[in-house]
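Chains as they are written, first to last, in the numbering used here: chain E, 1 to 111; chain L, 1 to 116.
Bear in mind the hints are in silico, worked out from the structure with no lab data behind them. Each hint should be verified, as a subset may be incorrect.
Said to hold, decoys possible - Below, simulated DSSO-like cross-link-like pairs (lysine-lysine); rule was C-alpha separation at most 30 Å, straight line: (1) L:Lys58 x E:Lys55; (2) E:Lys57 x L:Lys115; (3) E:Lys71 x L:Lys103; (4) E:Lys71 x E:Lys3; (5) E:Lys18 x E:Lys53; (6) E:Lys3 x L:Lys103; (7) E:Lys53 x L:Lys69; (8) E:Lys71 x E:Lys13; (9) E:Lys13 x E:Lys57; (10) L:Lys103 x L:Lys69; (11) E:Lys3 x E:Lys13; (12) E:Lys18 x L:Lys49; (13) L:Lys69 x L:Lys115; (14) E:Lys55 x L:Lys115.
Stated by the list, open to error - A partial selection of chain E residues facing chain L, derived with a Cβ cut-off under 7 Å: (15) Gly40; (16) Ile60; (17) Pro61; (18) Gly63; (19) Glu99; (20) Phe102; (21) Gly105.
For every residue, glycine included, the Cβ atom is placed at its ideal position computed from N, Cα and C.
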Amino acid sequence: DVKVTQSSRYLVKRTGEKVFLECVQDMDHENMFWYRQDPGLGLRLIYFSYDVKMKEKGDIPEGYSVSREKKERFSLILESASTNQTSMYLCASTPGGYEQYFGPGTRLTVT
Amino acid sequence: AQSVTQLDSHVSVSEGTPVLLRCNYSSSYSPSLFWYVQHPNKGLQLLLKYTSAATLVKGINGFEAEFKKSETSFHLTKPSAHMSDAAEYFCVVSDLRPGNTGKLIFGQGTTLQVKP
Chain E
1 DVKVTQSSRY LVKRTGEKVF LECVQDMDHE NMFWYRQDPG LGLRLIYFSY DVKMKEKGDI
61 PEGYSVSREK KERFSLILES ASTNQTSMYL CASTPGGYEQ YFGPGTRLTV T
Chain L
1 AQSVTQLDSH VSVSEGTPVL LRCNYSSSYS PSLFWYVQHP NKGLQLLLKY TSAATLVKGI
61 NGFEAEFKKS ETSFHLTKPS AHMSDAAEYF CVVSDLRPGN TGKLIFGQGT TLQVKP
């Protein structure tokens, strides 16, 4: 079974803090994605990566950055957390087809 | 450009009655279409997918969806709802253009409530 894990299920941070969300997949997938999920808005793509050290902006990259130093790990960074970044963050991976495998999500609260 | 619209934000059915979750899509190219389900406090799980083969697609847990190009629709159905079907459902579209790195476009989601 494909397994995508995320470092935390719940996280509470203060405004202005630097926040790291980690995602690891164990199936040697090429492509990895970070989404945020908000009620009534579905999932919106923040960033994706199609290879180590390669990244592309998604639909809502402002306030975020990413890092992919190893194929299995894709990190989302909030440089200076703000309250409007309170959300559910979902990581996904795919071998290059279009079915994506999702992690359980990290619910981030910024106070 | 691709887009997807889920026509109902909330659907409520009684246990044992049919389920219909509606989805319309827009795509400039031949689309791949998916339905994902998300149970409370869980990640998303693939229910079924259409990738230009049979237009009637069967998925897990008794769900199926029919691709109708003329109507640009991909509605999800199930003959008889179970309590365990209560969840949020997402209709998703991608396209098959060369070079597409697997980006997906998600609908806004439909919350399915199943009443005893």
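Right, here's what the structure says about each hint:
Between L:Lys58 and E:Lys55, the direct Cα distance comes to roughly 34 Å. Violation of the 30 Å bound is thereby established for this hinted pair. For the given pair, E:Lys57 sits about 42 Å from L:Lys115 by alpha-carbon distance, which is inconsistent with the 30 Å threshold. A distance of roughly 18 Å separates the Cα atoms of E:Lys71 and L:Lys103; the hinted pair therefore holds under the 30 Å criterion. Our distance criterion of 30 Å between C-alpha atoms is met by E:Lys71 and E:Lys3, whose separation comes to about 14 Å.
Of the pairs offered as hints, the one joining E:Lys18 and E:Lys53 holds, with about 21 Å between alpha carbons and a cut-off of 30 Å not exceeded. For the given pair, E:Lys3 sits about 20 Å from L:Lys103 by alpha-carbon distance, which is consistent with the 30 Å threshold. For the suggested pair E:Lys53 and L:Lys69, the alpha carbons sit about 39 Å apart, so the restraint of at most 30 Å is broken. For the hint linking E:Lys71 to E:Lys13, the alpha-carbon distance of about 28 Å falls within 30 Å, and the restraint holds.
For the suggested pair E:Lys13 and E:Lys57, the alpha carbons sit about 24 Å apart, so the restraint of at most 30 Å is met. Annotation: proposed proximity of L:Lys103 to L:Lys69 holds, straight-line Cα distance about 21 Å (limit 30 Å). A distance of roughly 27 Å separates the Cα atoms of E:Lys3 and E:Lys13; the hinted pair therefore holds under the 30 Å criterion. With a C-alpha separation of about 38 Å, the suggested pairing of E:Lys18 with L:Lys49 is violated against the 30 Å cut-off.
For a cut-off of 30 Å, the pair hint linking L:Lys69 to L:Lys115 is broken: about 33 Å separates their Cα positions. For the hint linking E:Lys55 to L:Lys115, the alpha-carbon distance of about 44 Å lies beyond 30 Å, and the restraint is violated. Satisfaction of the interface hint for E:Gly40 is found here, the shortest Cβ-Cβ separation to chain L being roughly 6 Å, below the 7 Å cut-off. Using the Cβ-Cβ criterion of 7 Å, the hint placing E:Ile60 at the interface with chain L is not satisfied: the shortest such distance is roughly 13 Å.
Checking E:Pro61 against chain L: minimum C-beta separation of about 13 Å lies over 7 Å; hint violated. For E:Gly63, the suggested interface contact is broken, since its CB lies about 20 Å from the closest CB of chain L, more than 7 Å. Here the hint on E:Glu99 is kept, as its CB sits about 6 Å from the closest CB of chain L, short of 7 Å. Residue-level restraint check for E:Phe102 holds (minimum Cβ-Cβ distance to chain L is 4 Å; threshold 7 Å).
About 6 Å separates the beta-carbon of E:Gly105 from the nearest beta-carbon of chain L, less than 7 Å, and the hint is met.
Comparing the model with each earlier hint shows violations of hints 1, 2, 7, 12, 13, 14, 16, 17, 18; every other hint is respected.
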